[in-house]
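Going down the list, the sequences are from chains A and B.
Number 186 in the numbering used here belongs to position 186 of the first sequence; there are no gaps in the numbering.
Count along the second sequence from 1, add 1000, and you get the number used in the numbering used here.
To be clear, the hints were calculated from the coordinates, so they are not data collected in a lab.
Check the hints yourself; a few may be wrong.
What the hints assert, rightly or not - Not the full set, but computed from the structure, chain B residues with beta-carbon under 8 Å of chain A:
{"#": "1", "residue": "GLY1167"}
{"#": "2", "residue": "GLY1207"}
{"#": "3", "residue": "ALA1241"}
What the hints assert, rightly or not - Using C-beta positions, here's what the derived DEER-type ranges look like:
{"#": "4", "chain 1": "A", "residue 1": "ASP322", "chain 2": "B", "residue 2": "ARG1386", "range": "17 to 27 Å"}
{"#": "5", "chain 1": "B", "residue 1": "TYR1305", "chain 2": "A", "residue 2": "LYS80", "range": "54 to 64 Å"}
{"#": "6", "chain 1": "B", "residue 1": "ARG1386", "chain 2": "A", "residue 2": "LYS289", "range": "21 to 31 Å"}
In this text the structure is predicted, and so the values were computed from the model without any measurement.
Cβ coordinates follow ideal geometry from the N, Cα and C atoms, glycine included.
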Amino acid sequence: MWGIIRQKVAAGGGSPVARIRPVVSNLRNYSSAVKQMMVREALNSALDEEMSADPKVFLMGEEVGEYQGAYKISKGLLEKYGPERVLDTPITEAGFTGIGVGAAYYGLKPVVEFMTFNFSMQAIDHIINSAAKSNYMSSGQISVPIVFRGPNGAAAGVGAQHSHCYAAWYASVPGLKVLSPYSSEDARGLLKAAIRDPDPVVFLENELLYGESFPVSAEVLDSSFCLPIGKAKIEREGKDVTITAFSKIVGLSLKAAEILAKEGISAEVINLRSIRPLDRSTINASVRKTNRLVTVEEGFPQHGVGAEICASVIEESFGYLDAPVERIAGADVPMPYAANLERMAVPQVLCFLYDSSIDGCYKFLVY
Amino acid sequence: MALSKLSSSSSLSTNILKPLTNSFFLHRPISTDTTPLTIETSVPFTSHQCEAPSRSVETTPKELLSFFRQMATMRRMEIAADSLYKAKLVRGFCHLYDGQEAVAIGMEAGITKKDSIITAYRDHCTFLGRGGTLLEVFSELMGRKDGCSHGKGGSMHFYKKDSGFYGGHGIVGAQIPLGCGLAFAQKYSKDETVTFALYGDGAANQGQLFEALNIAALWDLPAILVCENNHYGMGTAEWRAAKSPSYYKRGDYVPGLKVDGMDALAVKQACKFAKEHALKNGPMILEMDTYRYHGHSMSDPGSTYRTRDEISGVRQERDPIERIRKLILAHDLATEKELKDIEKEVRKEVDDAIAKAKESPMPEPSELFTNVYVKGYGVEVFGADRKEVRSALP
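Build out the structure end to end from the sequences listed, making use of the hints.
In structure tokens:
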């Protein structure tokens, strides 16, 4: 599965990390000593470092303390920082999210964990009306330096109520910032940036990525490492089509790009990293280069992230498009349980085929 | 009854001082007199899971006169806001607090500006009590630059963070967990201060209240939940909304106190008591038995669900300003004329503030895009016309 990517890294060539960052490419000489880090570890280390650096940062959520985190993201933090800074809450999202936002009003820096973002709907009034809008309504008096984090989107076989993707929901709200990491580097850099950011940040992780390992450079492991908010990353450069994705789908898109490369199609894969603010300039610059756009996401298609990207590209780069923009999203149904139906409900492996019947257009199959 | 007892007992002590004090009126204003005075509350406190505080409240002539002046200002301000709304200078929602002034004033007397207050949308007087100015109130109501939120909040979103006032919230009940969060932060920061989270009898049935109260009790947060029970949640009387309208008991394991919310001294005593309790033992509930003369908001005449007799009855028997006026007169702390003069001054202050607020300009168009974020990263943001109206967030 990940064999293709891993081989490329070992060979010290074609590594997307190396391509983008000149600093890191100098370290390519050390590629044999590049560390592998799981996303779970990356998040844990980011939390640990930020809590260590700033005594105002604290973590609260269900099972974050004694259970070591429902997905072990907060492992070891209770032992290190004590029960005053790592707080196990009762199963009352509306209550504890409101408490987190109130603490942020006062000047603390809470990290509120939702066991999954499906449960954030119980607290969504606080995220939007109490957190997102406060700085504006108070004309700058009440800022809300809070992070809401947790797994988002589909997992494996968890059914309709536990598989909803909230990226489009939260990203539509002015006053919020919405980030979604893919790799361990993303997880570390974006979570640190989110905790340091003075505004409310919704941090959408992915349960299935927690156990994935990615190479991380020494720069990424440094405690001052931070990624900019609002900047997408070009994971793979290409010239024939632009693919935008975030979170787990980035991995699928990279795989698809490999398959396309064999067909002679060079796909540029953009890892959005930041859903709000959306890096419209990177996306548009890419489309102006490749002249074709495919947006991919796991969530529901209507009013989704892809819809916004398509609209943005049409507004700003219409003249550059050689083909209509295309969206790939989850099926427009609540997530089914049966394995075969679930596979059909979420983009699996993307396969890009050239459809000769539509001149110059790419047609996509999902299987 | 209680009042006549008081006046007869105190007249013994003040009789000798009477001629002296009278002559002092011209040279030394009574409003700075800090000789202690003890006054009984209208009714004793009713408690739940705790010992009620004493009915005898320590106060001073200075304090009583400041109560009078501040409540008169609040009353005048709310009535003026009513007129402004009818003149279409205030738009949208306008929820008035007249009748409930004693809660705002009594609370301020029992706490400091380092303690925090958070309330719902009936927040004009609470804001004033926390140190806000009339100009800020009227400007904000009319959506002008000099408003406390620079015109961007409106009636329901007044804030004054530097003196511990955290708003001003439009969603019923949301302020309660937020208030418990403020208390959490106060405890975390070891500030030795408390938070008062105010809500109405309508919000008292909200689930998030019980969620937040549970956590506050578990974690011993210095949070005081104050139910301003004006007996009507919008148009629904308390007995039609709550199976148990004994709001001070609804905390179950959390102690509670029922207070006459029309008696500023009782409110002061209760808040002092609650603060001491919360710093040592965690959360407490205060139920303030109060009343609003206006309807729920300016679009509610307030008489379809209650009788005019009831409203005028409360005004006659329990008005908080009249209570203080009677106390002041009974204790010879000022003459009728002096009190009338204060009211005239207050009226003028309010009128001046309105005149000044009317001159305040509306916010600059560029303000549409400010304060969306603290840190905007230069992100481009669009107005309704995506081509013309756009900006980069600072």
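How the hints compare with the structure:
no.	hint	result
1	GLY1167	holds, 7 Å
2	GLY1207	holds, 7 Å
3	ALA1241	violated, 20 Å
4	A:ASP322 to B:ARG1386: 17 to 27 Å	holds, 24 Å
5	B:TYR1305 to A:LYS80: 54 to 64 Å	holds, 57 Å
6	B:ARG1386 to A:LYS289: 21 to 31 Å	holds, 24 Å
When the structure is compared with the earlier hints, a violation turns up for hint 3 alone.
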